[in-house]
Every structure is written in C-alpha cells, then in structure tokens.
Amino acid sequence: SAVISQKPSRDICQRGTSLTIQCQVDSQVTMMFWYRQQPGQSLTLIATANQGSEATYESGFVIDKFPISRPNLTFSTLTVSNMSPEDSSIYLCSVGRQGEQFFGPGTRLTVL
Amino acid sequence: QKEVEQNSGPLSVPEGAIASLNCTYSDRVSQSFFWYRQYSGKSPELIMSIYSNGDKEDGRFTAQLNKASQYVSLLIRDSQPSDSATYLCAVNGRGGSSNTGKLIFGQGTTLQVKP
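Protein chains in written order, with our numbering: chain A, 13 to 124; chain B, 30 to 144.
No wet-lab data here; the hints were simulated from the structure. Among these hints, one or two may not hold up.
Unchecked claim - Keeping only pairs whose Cα atoms sit at most 25 Å apart, straight-line, the calculated SDA-like set for lysine to any residue is:
id: 1; chain 1: B; residue 1: 71; chain 2: A; residue 2: 97
id: 2; chain 1: B; residue 1: 31; chain 2: A; residue 2: 111
id: 3; chain 1: B; residue 1: 143; chain 2: B; residue 2: 77
id: 4; chain 1: B; residue 1: 71; chain 2: A; residue 2: 21
id: 5; chain 1: B; residue 1: 31; chain 2: A; residue 2: 48
id: 6; chain 1: B; residue 1: 71; chain 2: A; residue 2: 121
id: 7; chain 1: B; residue 1: 71; chain 2: A; residue 2: 24
id: 8; chain 1: B; residue 1: 85; chain 2: A; residue 2: 111
id: 9; chain 1: B; residue 1: 85; chain 2: A; residue 2: 14
id: 10; chain 1: B; residue 1: 131; chain 2: A; residue 2: 14
id: 11; chain 1: B; residue 1: 131; chain 2: A; residue 2: 76
id: 12; chain 1: B; residue 1: 71; chain 2: A; residue 2: 66
id: 13; chain 1: B; residue 1: 71; chain 2: A; residue 2: 31
id: 14; chain 1: B; residue 1: 131; chain 2: A; residue 2: 65
id: 15; chain 1: B; residue 1: 31; chain 2: A; residue 2: 50
id: 16; chain 1: B; residue 1: 131; chain 2: A; residue 2: 43
id: 17; chain 1: B; residue 1: 71; chain 2: A; residue 2: 65
id: 18; chain 1: B; residue 1: 71; chain 2: A; residue 2: 30
id: 19; chain 1: B; residue 1: 71; chain 2: A; residue 2: 64
id: 20; chain 1: B; residue 1: 131; chain 2: A; residue 2: 124
id: 21; chain 1: B; residue 1: 85; chain 2: A; residue 2: 13
id: 22; chain 1: B; residue 1: 131; chain 2: A; residue 2: 70
id: 23; chain 1: B; residue 1: 131; chain 2: A; residue 2: 60
id: 24; chain 1: B; residue 1: 131; chain 2: A; residue 2: 64
id: 25; chain 1: B; residue 1: 131; chain 2: A; residue 2: 21
id: 26; chain 1: B; residue 1: 96; chain 2: B; residue 2: 83
id: 27; chain 1: B; residue 1: 131; chain 2: A; residue 2: 15
id: 28; chain 1: B; residue 1: 131; chain 2: A; residue 2: 98
id: 29; chain 1: B; residue 1: 131; chain 2: A; residue 2: 28
Produce the entire structure from the sequences given, and follow the hints as far as they go.
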C-alpha cells in the first residue's frame, strides 16, 4: 500500500471562498486521483491528477471549479473554488499502485 | 441502470455467522474488481481485489467473481462486531486496464454484526 496524508483534515468555510486540499504520498506514484463523497453517498471520481500535464476531469466536473495541481510524483492539490453549501463533502485523494487503489484519510469540508 | 449496484442494507448478521455481500455491474469490459471497507467517519480501506473468475480467499474474507453473470460477492466468515461497517464494491471503469484507475463505486452495503 502507501502512506497518504491530507491537509486539512477538516474545515468549515464560507460560501464564495476557496479551499486548497493537499495530498502527500510517502513514495513516488504515477497515478493519483481525487474523489468526492457527499453525505450518505458513495465515492465519485472528480479527476485524475497527471504529473506534468493538466488533470483529466470526469463528466460533471470542470477545471474552473476544481483546479488540480500535480507538481511531482508524491504531491497533489485540489482546490474547491467559489464554494457553495452543495460542495459540503468529504474529499479524498487516492493513489494507484500495482493495479490497486489506496485512499488518504480525507478532508471533511463544510460550507456555510 | 446504475453502473455498479449494491443493496444498501443494512445487512444484519449474528456474531460468528457468514455475511454475504453482493454486487452487480453493467459494463462487460470491466477487468478489475475491488471490495473496500469503510468505517463511519473514516476513509475506504481496500480489503480484497479480484481479477479472474472464481474465488479468492484471504483470511476470513472470500471474494467471488462471475464475469458471465456480471456479479461479484464478498463473504465474511465468522463475522465479528468489528466487521460492522459499510462495504463498497468498486469496478474498474470503461476503457481502462487494471492500471488506469478510474474506479466506479457502488452505493455500499451497511453490515451490522450483532454480538
């Protein structure tokens, strides 16, 4: 597996503001992903964070709302922009290794 | 039709019993199948992966895959109260090999193991 950390672990934000979530892995990985888990729901893939190029977004998610950076093979950030209460969710990064995927501890975001 | 379907439960079993969790998927080209366990307030933890038809056993867990029926299941033997959690079925999405990621998750089944 991999040791994955996320910052912050939780935050409460005002609508209209932005929050950047960091994901750090203890070793280099090719595949990094960002998921959202809305209250009482399952996980939905937001995007694949590609090192050295633009992220690949899933249907329903756009770069202006969820800009992603991947400056190297151990680190990525997801920004939730211009937040509304509907963005209240748990945001999870994950890494792919040998065909399997492992999740970080998540960031619990509440937007008021 | 949802791409990955699970019964949301709750599935309640007595301690020591076998818990059987089921999952169906719609995309026949799917190649990789995973079971995650998620405790309340925690992130998903990978417990089983299966890629070929048949059974795969790991301790008290057995994953079963039937690609012809597009069905994957997880059996938990000798269930313990500590197994009480939500179990998420995940399937590798269309167009991907086992190395491209893009997992599609079911809604999860809540398992309650009663002492």
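Satisfaction of hint between residue 111 (chain A) and residue 85 (chain B), Cα-Cα up to 25 Å: holds, 16 Å
25 Å Cα cutoff - pair residue 131 (chain B), residue 98 (chain A): Status holds; Cα separation ~23 Å.
Pairwise hint evaluation, residue 31 (chain A) against residue 71 (chain B), where the allowed Cα distance is 25 Å at most: Holds, at about 21 Å.
25 Å limit on alpha-carbon distance, applied to hinted pair residue 131 (chain B) and residue 124 (chain A): Violated: residue 131 (chain B) and residue 124 (chain A) sit about 31 Å apart, past 25 Å.
Holds or violated: residue 131 (chain B) to residue 15 (chain A), with C-alpha atoms at most 25 Å apart: holds, 20 Å
Straight-line alpha-carbon gap residue 85 (chain B) to residue 14 (chain A), limit 25 Å: Status holds; Cα separation ~23 Å.
Given pair status - residue 70 (chain A), residue 131 (chain B), alpha carbons within 25 Å: Holds, at about 9 Å.
Restraint check for residue 131 (chain B) with residue 43 (chain A), where alpha carbons must lie at most 25 Å apart: With Cα atoms ~10 Å apart, residue 131 (chain B) and residue 43 (chain A) stay inside 25 Å; holds.
Hinted pair residue 131 (chain B) and residue 64 (chain A), Cα distance within 25 Å: holds, 19 Å
25 Å Cα cutoff - pair residue 71 (chain B), residue 65 (chain A): Distance of about 31 Å is beyond 25 Å: violated.
Proposed proximity, residue 97 (chain A) with residue 71 (chain B) (alpha carbon, max 25 Å): holds, 22 Å
Hinted pair residue 131 (chain B) and residue 28 (chain A), Cα distance within 25 Å: Violated, at roughly 30 Å.
Figure legend: structure checked against the earlier numbered hints; hints not met, in rising order: 12, 17, 19, 20, 29.
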